[in-house]
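Chain by chain, the residues run as shown.
Protein chains: 2
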Amino acid sequence: MAQARLKYFGWGREGEGYTPEEEAFLLGIYREKFAVADFEERPVPGLDAITLRAPRLTPPAALAAICSTDLYDRAAHTFGKSYPDTVKGMLGDYTGAPDVVAYPRTEAEVAAVMDWAGGAQAALIPFGGGSSVCGGIEAKVDGTRYKAAVTLDLRELGRVVEIDRASRAANIEGGAYGPALEAQLKPHGLTLRHFPQSFDYSTLGGWIATRSGGHFASLYTHIDDFVENLRVVTPQGTLETRRLPGSGAGPSPDRMFIGSEGILGVITSAWMRLQDRPTFRAGGAIRFPSFFAAARAVRAISQAGLYPANCRILDPQEAANTGAGDGSAAIMVLGFESADHDLAAWHARALECVRDHGGTPESPGEADAHLKGAAGLWRNAFIRMPYARERIVPRAIINDTFETAITWDKFEVFHDRIKAAVEAAILRVTGRPGQITCRFTHIYPDGPAPYFSFHAIGRHGALLDQWQEIKNAAGDALMAEGGTITHHHAVGRDHRPWYDRQRPELFATALRAAKGALDPAGMLNPGVLIDP
Amino acid sequence: MAQARLKYFGWGREGEGYTPEEEAFLLGIYREKFAVADFEERPVPGLDAITLRAPRLTPPAALAAICSTDLYDRAAHTFGKSYPDTVKGMLGDYTGAPDVVAYPRTEAEVAAVMDWAGGAQAALIPFGGGSSVCGGIEAKVDGTRYKAAVTLDLRELGRVVEIDRASRAANIEGGAYGPALEAQLKPHGLTLRHFPQSFDYSTLGGWIATRSGGHFASLYTHIDDFVENLRVVTPQGTLETRRLPGSGAGPSPDRMFIGSEGILGVITSAWMRLQDRPTFRAGGAIRFPSFFAAARAVRAISQAGLYPANCRILDPQEAANTGAGDGSAAIMVLGFESADHDLAAWHARALECVRDHGGTPESPGEADAHLKGAAGLWRNAFIRMPYARERIVPRAIINDTFETAITWDKFEVFHDRIKAAVEAAILRVTGRPGQITCRFTHIYPDGPAPYFSFHAIGRHGALLDQWQEIKNAAGDALMAEGGTITHHHAVGRDHRPWYDRQRPELFATALRAAKGALDPAGMLNPGVLIDP
Chain L
1 MAQARLKYFG WGREGEGYTP EEEAFLLGIY REKFAVADFE ERPVPGLDAI
51 TLRAPRLTPP AALAAICSTD LYDRAAHTFG KSYPDTVKGM LGDYTGAPDV
101 VAYPRTEAEV AAVMDWAGGA QAALIPFGGG SSVCGGIEAK VDGTRYKAAV
151 TLDLRELGRV VEIDRASRAA NIEGGAYGPA LEAQLKPHGL TLRHFPQSFD
201 YSTLGGWIAT RSGGHFASLY THIDDFVENL RVVTPQGTLE TRRLPGSGAG
251 PSPDRMFIGS EGILGVITSA WMRLQDRPTF RAGGAIRFPS FFAAARAVRA
301 ISQAGLYPAN CRILDPQEAA NTGAGDGSAA IMVLGFESAD HDLAAWHARA
351 LECVRDHGGT PESPGEADAH LKGAAGLWRN AFIRMPYARE RIVPRAIIND
401 TFETAITWDK FEVFHDRIKA AVEAAILRVT GRPGQITCRF THIYPDGPAP
451 YFSFHAIGRH GALLDQWQEI KNAAGDALMA EGGTITHHHA VGRDHRPWYD
501 RQRPELFATA LRAAKGALDP AGMLNPGVLI DP
Chain Z
1 MAQARLKYFG WGREGEGYTP EEEAFLLGIY REKFAVADFE ERPVPGLDAI
51 TLRAPRLTPP AALAAICSTD LYDRAAHTFG KSYPDTVKGM LGDYTGAPDV
101 VAYPRTEAEV AAVMDWAGGA QAALIPFGGG SSVCGGIEAK VDGTRYKAAV
151 TLDLRELGRV VEIDRASRAA NIEGGAYGPA LEAQLKPHGL TLRHFPQSFD
201 YSTLGGWIAT RSGGHFASLY THIDDFVENL RVVTPQGTLE TRRLPGSGAG
251 PSPDRMFIGS EGILGVITSA WMRLQDRPTF RAGGAIRFPS FFAAARAVRA
301 ISQAGLYPAN CRILDPQEAA NTGAGDGSAA IMVLGFESAD HDLAAWHARA
351 LECVRDHGGT PESPGEADAH LKGAAGLWRN AFIRMPYARE RIVPRAIIND
401 TFETAITWDK FEVFHDRIKA AVEAAILRVT GRPGQITCRF THIYPDGPAP
451 YFSFHAIGRH GALLDQWQEI KNAAGDALMA EGGTITHHHA VGRDHRPWYD
501 RQRPELFATA LRAAKGALDP AGMLNPGVLI DP
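Residue numbers (the working numbering), protein chains in the order written: chain L, 1 to 532; chain Z, 1 to 532.
Just chain L, with the same shape it has in the complex (with noise of 0.2 Å):
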């Protein structure tokens, strides 16, 4: 690959990172925030400071070739990108780094690799681009049956394999990372447009492995509605669903692989529904009062059928962290987007939905306007958003998010109750105020995705348990007023403690037995959703 390649500590590949500017925008919000002079800065151990165990397991000669016991991929491939496990490799923590790193190229890899590790009573742990934020990738297997951990990263199966320009498909690769597929697929007039905040780090695979959520924040908020078919090579051998548009025999076998989070099989190819690249485009940034003002607009807008593109709103203190307000009003972020045609119409009508709640157009009737003005920074800030965790880690800041969803009747009561049980969890935990702030990611007729960021200043050496009870209170809370402990960032293992009690218990031992039937020796990414 011409690429560098990926940081083996922090956000993206090598040479990336927040820029002097953007770090010292950074710490100064949170100077500002918590009223620090400075911060205690600890260092991050360079690559050569680590040290591994010994691979438990030596791959055959027949797949040398395609594996790695490196100290880079090994360690490239210990963590996720979750708070905790930036502290980890801030505190050089490696024990539950993977033996091996296979890089198979064909399907056929895939199952060598699955054959070998399986013989070997292995546990194998798929791998997309590795931006997990709930421990969907740790090889953690000290203590368990599992002998050994082999690591499958599927960045070699990237390919755009075929387009079917009538139908706007395409059967793409399950390795294929966000850029390189919409490369492949521009030259066509097509795109996926599913674009996660990971989206330059996160592949196809593992979108559909874990539900992600994509650009549309209305409609086809997840990626489940645009897969067509699946390729899925299991320890029981290959299947692959037929390529329908739609179905109604049986239960889909599309939606059981969806959000499996690699337990039931690795995801190796997909038929993917694909839009034309948007020519038409209507929308900007809206100010509202507040946020439930804002939150009422949304509400009439999903409900009148419009489906906007975009239609995100943040809090006055979540805009003002982002540079895309000044703290005064919340704002929304509305987009039309089409191929097709004018959408005066829909932007007319939405902005109805807007002034009927006291929502006022920044820049109104502007083609460009999501590209500028408060959508413009807010959009920027998103995208360079990740790269700033590898810089607070060090200075003993934690910030982290999770996300939800609820239905309209119960929202406003929610939002105030998870904000005070975080804020409550912040103060016990840190001895100062915190802050969390609220955003909306999606939106459905009947309930948002509201997205919860918080920020507390914390301890070194501490770190962990500081975030744990932290999230501990975020997670009991989203429990008790009827949320999801996830919309769109799965479950991994990170969010087993709530996913338990979310999920019908009936449902765990039908998904066991059929994991039972499909991995018999419960060797696929272990402790993910269920017990092995």
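Source of the hints: derived by calculation from the structure; they are not laboratory data. None of the values given here were measured: they were computed from a predicted structure. All C-beta atoms, glycine included, are put in the ideal place defined by N, C-alpha and C.
In silico DMTMM-like links for lysine to aspartate or glutamate, alpha-carbon gap of 20 Å or less: (1) Z/K410 <-> L/D164; (2) Z/K410 <-> L/E240; (3) Z/K88 <-> Z/D465; (4) Z/K410 <-> L/E162; (5) Z/K88 <-> Z/E40; (6) L/K147 <-> L/D115; (7) L/K410 <-> Z/E240; (8) L/K140 <-> L/D70.
With beta-carbon atoms standing in for the labels, derived distance ranges: (9) Z/E352 <-> L/T360: 28 to 38 Å; (10) Z/F280 <-> L/V36: 51 to 61 Å; (11) Z/A4 <-> L/D531: 47 to 57 Å; (12) L/T58 <-> Z/R501: 36 to 46 Å; (13) L/E505 <-> Z/V161: 17 to 27 Å.
Could you slot chain Z onto chain L? The hints should help.
Coordinates of chain Z only, in the frame set by chain L:
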């Protein structure tokens, strides 16, 4: 109930059926189509001419009040409404009658009947409105390990339990029939707007269990997308999924039960997403020079992101058969609806797509055009159509339908090959040419859901074999050409030979394991979807 009871033979309730004028129109079409002077009419046995075996089990005293072994109850629950069902009814073949019919009034009674039937080693057949056209409700237990069959009729669980106006959702019991369900929503200004052809004689639980296709020709075509949560009684206990507008927490529990056709549990209630009652409408009928021209217009509209509520097309012969056309043109019935906004912009752009492909609107600009002309004629014929079967079977006319879905890249060749295969089968089986027509019932950006009807003159004494041979030709062609064996009529027992080829074997393995976990004795609807 104040309503008349369901007919034991034929469609609907006692006292209902085709008028003499409708029957004359129907038979006139067949006389002309096949150049026959008249039909040999066989009698249908009256209820008192039917003999059933003695029930093989007796309900316990605690359930006696909600159980029946009466002739009527058992006869009226023997068959669905398929062509072979109707032939068997005419022949008086009630060997598959259930031993007992139970009418639980509460979820607890559903569980009690399940416990009792399980203890008695009986099969339990969930029954909604009995409108299955694929053998979904047959109690075929002769020669099996089941000692008897109990049909569980959910009709007493018909309430709308709770309404959440803010989220536009309602908690509805599984046995609610279409009209009763809508009548309870109407005072709140809400509607489920799920109008399958069977609307009058099918239930919410049945729609969910079979992935019913409904009112909306685009976007929300299947009931699946309207399910917010489910309550399901299984032999291992009752489960309820979390009510959420959206979630990414593992594989969707709802999606495992949606389409499970009664083999995993009995759906006793669901929170369903609703619509405001539409007040704005635009649309009407459009004439096209050919079916494929109309199909190309459908593709353009469906890929434009306009989401019409109605976008059905009829080929010229289908239009003629239903009185909606004269056989010289294909007809599109196009309709937009909204409770929120005027639809002029939506309709105008769709008409541009229509004209791009040679379509001529019948009556542009009339707001009630969907009730007039070809659109209105089609709509009335469509609703009344199920009453035809009980008139044609005694006259040895063979008429059945099958529906599928296919991606746009394959559609035209697919259409021609399916038609050719069925035409050849009819000629071979009946010795004279038949007729096969096509319409689209639902559309997707990546392909249509074509719905075929076929007509032939059969022979008394051979009807079941003749029908089966034609059905086999249709099913084999659907599989060979890449379609689905069912788009919204479900699998049941009749579609098993093709479903077994369509769904990946490893998915069947997983589904079988899931069923084994929830229904260890295999008592629920044996033979549907998978072998018990």
